[in-house]
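Enquirer: If you're matching them up, the sequences are chains A and B in order. Using the numbering used here, the first residue of the first sequence is number 1, and each one after it goes up by one. Using the numbering used here, the first residue of the second sequence is number 1001, and each one after it goes up by one.
Hints are not guaranteed to be accurate.
One side only, chain B facing chain A, incomplete, derived with CB under 7 Å [said to hold, decoys possible]: (1) Asp1020; (2) Leu1023; (3) Lys1111; (4) Pro1112; (5) Ser1114.
A few chain B residues that face chain A, going by a derived Cβ cut-off under 7 Å, partial list only [as the list claims (entries may be wrong)]: (6) Gln1022; (7) Leu1027; (8) Glu1029; (9) Tyr1030; (10) Gly1033; (11) Ser1115.
Since the hints were derived computationally from the structure, they do not count as laboratory data. No experiment lies behind these values; they were computed from the predicted model shown. Even glycine gets a Cβ: it sits at the ideal position worked out from N, Cα and C.
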Amino acid sequence: MTRLYWRIFISFWLVIIMTVIVTVAVNSIAFRDEMANTRFSALRDSLEILSRQAQQALNEEGEDGLRDWLRVRQEQQPFPPLLIINPAGEELLQRPLPAGLDRLRPDARPFNRNGPNTRRGRSPRIRRLETADGQSYRILVPGFRPRLGRWSLRPEARALFPLILVLLSGGACLLLARYLTRPIQAFRAAGQSIAAGDLGARVGPSIAQRKDEFGALATDFDRMADRIEELLGSQRQLLRDVSHELRSPLARLQAAVGLIRQKSGDQADAHLDRIEQEAENLNELIGQILSMARLETGASVDRQPVDLSRLVGEIVEDARYEGESHQKSIAFTAGEACVLQIDESLMHKAIENVVRNAIRHSRECTEVTVEPLPEPGVRITISDDGPGIDPADAERIFEPFFTRAADGSKAHSGAGIGLAIARRAVELNAGSIKARNAAEGGFVVEIELLKR
Amino acid sequence: MAHETDKHPDARRVLLVDDDLQLCQMLAEYLNGEGFEVVTVHDGQAGVDAANAGHVDVVVMDITMPVMDGFEALRRIRKASDVPVLMLTARGDEVDRIVGLELGADDYLPKPFSSRELVARLRAILRRTQVSSKETGRIAEGQISIEPGSQSLFRNGEPVPVTATEFVIAELLLRSAGKVVSKEELTEKALGRRLTVYDRSLDTHMANLRKKLGTADDGSPLIKTVRGQGYIFVTH
Chain A
1 MTRLYWRIFI SFWLVIIMTV IVTVAVNSIA FRDEMANTRF SALRDSLEIL
51 SRQAQQALNE EGEDGLRDWL RVRQEQQPFP PLLIINPAGE ELLQRPLPAG
101 LDRLRPDARP FNRNGPNTRR GRSPRIRRLE TADGQSYRIL VPGFRPRLGR
151 WSLRPEARAL FPLILVLLSG GACLLLARYL TRPIQAFRAA GQSIAAGDLG
201 ARVGPSIAQR KDEFGALATD FDRMADRIEE LLGSQRQLLR DVSHELRSPL
251 ARLQAAVGLI RQKSGDQADA HLDRIEQEAE NLNELIGQIL SMARLETGAS
301 VDRQPVDLSR LVGEIVEDAR YEGESHQKSI AFTAGEACVL QIDESLMHKA
351 IENVVRNAIR HSRECTEVTV EPLPEPGVRI TISDDGPGID PADAERIFEP
401 FFTRAADGSK AHSGAGIGLA IARRAVELNA GSIKARNAAE GGFVVEIELL
451 KR
Chain B
1001 MAHETDKHPD ARRVLLVDDD LQLCQMLAEY LNGEGFEVVT VHDGQAGVDA
1051 ANAGHVDVVV MDITMPVMDG FEALRRIRKA SDVPVLMLTA RGDEVDRIVG
1101 LELGADDYLP KPFSSRELVA RLRAILRRTQ VSSKETGRIA EGQISIEPGS
1151 QSLFRNGEPV PVTATEFVIA ELLLRSAGKV VSKEELTEKA LGRRLTVYDR
1201 SLDTHMANLR KKLGTADDGS PLIKTVRGQG YIFVTH
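Taking the hints into account, I'd like the entire structure generated from these sequences.
Expert: If you want it as structure tokens, here you go:
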């Protein structure tokens, strides 16, 4: 995001600066002389004629004649303005002299320091008039005073212009970049919130009310989010209803079994146990399918610092209790505390499913280890001494209801979705889960979680 | 309408509140066979009325019900009485469980459940209310005192309404005041079952109890959590 922001900002800014530089360069290289020539040659030509007339007036009638000529001339033809300075340094019509003229040497060219007169031929603005006795008058066209004052002509001031240009265009580009990227940021925030499970997040009216394409996009985005929220809402309601509707008959079934048990004495106990066990399996399967469905449709992940050694230890403890009733043991080794940011209940479900699956398929013992990885992270290895899997199925065993041991026998019932849930839960915690056969026989599942 | 089963002179009375008529009928028959006297009603409002009418030793209540759901019914029952309540929750729905306990339920049982499990839970709840009634006298520690005989708890001599489970927890902590009581022990004795990883029931009961007991004069909690070990009733 910020990258786009800076990209827009820098590129627009550079383009503006380059444009200005190129314009100035082309102007000064290609057109400067020509423009100056036309402008000043006209001035020079007219000054040539005027100074000849003035010289004539001076020759014929002296300074007074020159003054009369000047007055008449300026009254009839105010442009170009003319000044005539006598040898005493005063203007003939007592008009103020341009600043700095008192410092003028007779042949100096104080005006238009950078004008073309510094370069070629005679000055277009100043001519000398001579009397017979050697007195010298000067006739001149005063330079145009720059609007910003003489200060703006100084070199350090001229260096300021590019700086001001850069700052102004930079400010404009910043505003432009912000204008373009602000809506994108809003889209991104809304998208992230929705992905994180907050289905109520919207881009909001501040962008949707804009009249441009961003406004239209925001309206469409929000409409899409409404639709997703609605769909997921009804799906969740459906899940709750399904859960309730499937479990109510199971509850009645179990109540009925209880009654039979009560009335029939202990003759049918084994069969009733079987019914209760199957009802329990069915109930567990319903629970698993529902939690799988919940995981697939936007489960919210709540990451907290969790010590995996402790978590796995607790799961193993519970599983050991369960395994002992089937004469199966679990060995557990863990390094020191491995604290990661994970969703504890999701990871608990994932690891528990893998551990219980291992116990179910093991002959005698299951091994569970928690160890740190070389890069910051944790690997949890769960291996059993069971028949293992067909190596071709290493990926497929994480698919729902895929149950087949390497010897082709159908695995225990009710196991078909536990590993699928485990994979989804691990993925939601940004981890990876892999299955393989151990070299010395048996089945190994590795869960790797990286510290982020 | 309330439906009553056969009466035994000493039988404990169970109020069963569930909108599943067939389930209620079978459970009532089963509980009857186990020596309970059962009253069944089928919506929350009727449950509240029956519970508050008295003569009920324990309430078993479903959450999803017409007219008034189990949570609202529980809230209304708790306004008037401390009768033990066992909530029937959907399996795996932790939110339902916690909300129920926070509202003052004594325990919960995920549905579907075996009838044997229900009876075991009911007996555990009733045992808590029975056992201590044999005792007389008062146990006091600071501002708090309890009378096991009448199941009542007092703060500065004023009675504080607590549920049966909260009372047992308070009693266990008060009897070993100044010593840490483990979560395992509290769960086993107050809830009648083994502590498992995701069982947060005890924590919820404990939070309710703390709220009711208030704090010591200096503002410090009367019951402190000892991380990884359990809880301790602080002595001064």
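Enquirer: Quick check on the hint: B/Asp1020 CB to chain A CB, less than 7 Å?
Expert: holds (6 Å)
Enquirer: Are B/Ser1114 and chain A close enough, Cβ to Cβ, to be under 7 Å, as the hint says?
Expert: Since the shortest Cβ distance to chain A is 5 Å, the answer is holds.
Enquirer: How about B/Pro1112: closest beta carbon in chain A under 7 Å, or not?
Expert: holds (4 Å)
Enquirer: Taking the least C-beta to C-beta distance, is B/Gly1033 closer than 7 Å to chain A?
Expert: holds (5 Å)
Enquirer: How about B/Ser1115: closest beta carbon in chain A under 7 Å, or not?
Expert: holds (3 Å)
Enquirer: Does B/Leu1023 hold up as a contact with chain A if the rule is Cβ-Cβ below 7 Å?
Expert: Constraint on B/Leu1023 satisfied, holds at 5 Å.
Enquirer: May I ask you to test the interface hint for B/Leu1027 with respect to chain A, counting a Cβ-Cβ separation under 7 Å as satisfied?
Expert: holds (5 Å)
Enquirer: Given B/Lys1111 was flagged as interface, is its beta-carbon under 7 Å from a beta-carbon of chain A?
Expert: holds (5 Å)
Enquirer: Holds or violated: the hint that B/Gln1022 contacts chain A, with Cβ atoms closer than 7 Å.
Expert: Holds, about 6 Å.
Enquirer: Using the nearest Cβ pair, does B/Glu1029 come within less than 7 Å of chain A?
Expert: holds (6 Å)
Enquirer: Taking 7 Å as the limit, does the beta-carbon of B/Tyr1030 come near enough to a beta-carbon in chain A?
Expert: holds (5 Å)
Of the hints listed earlier, there is not a single one the structure fails to meet.
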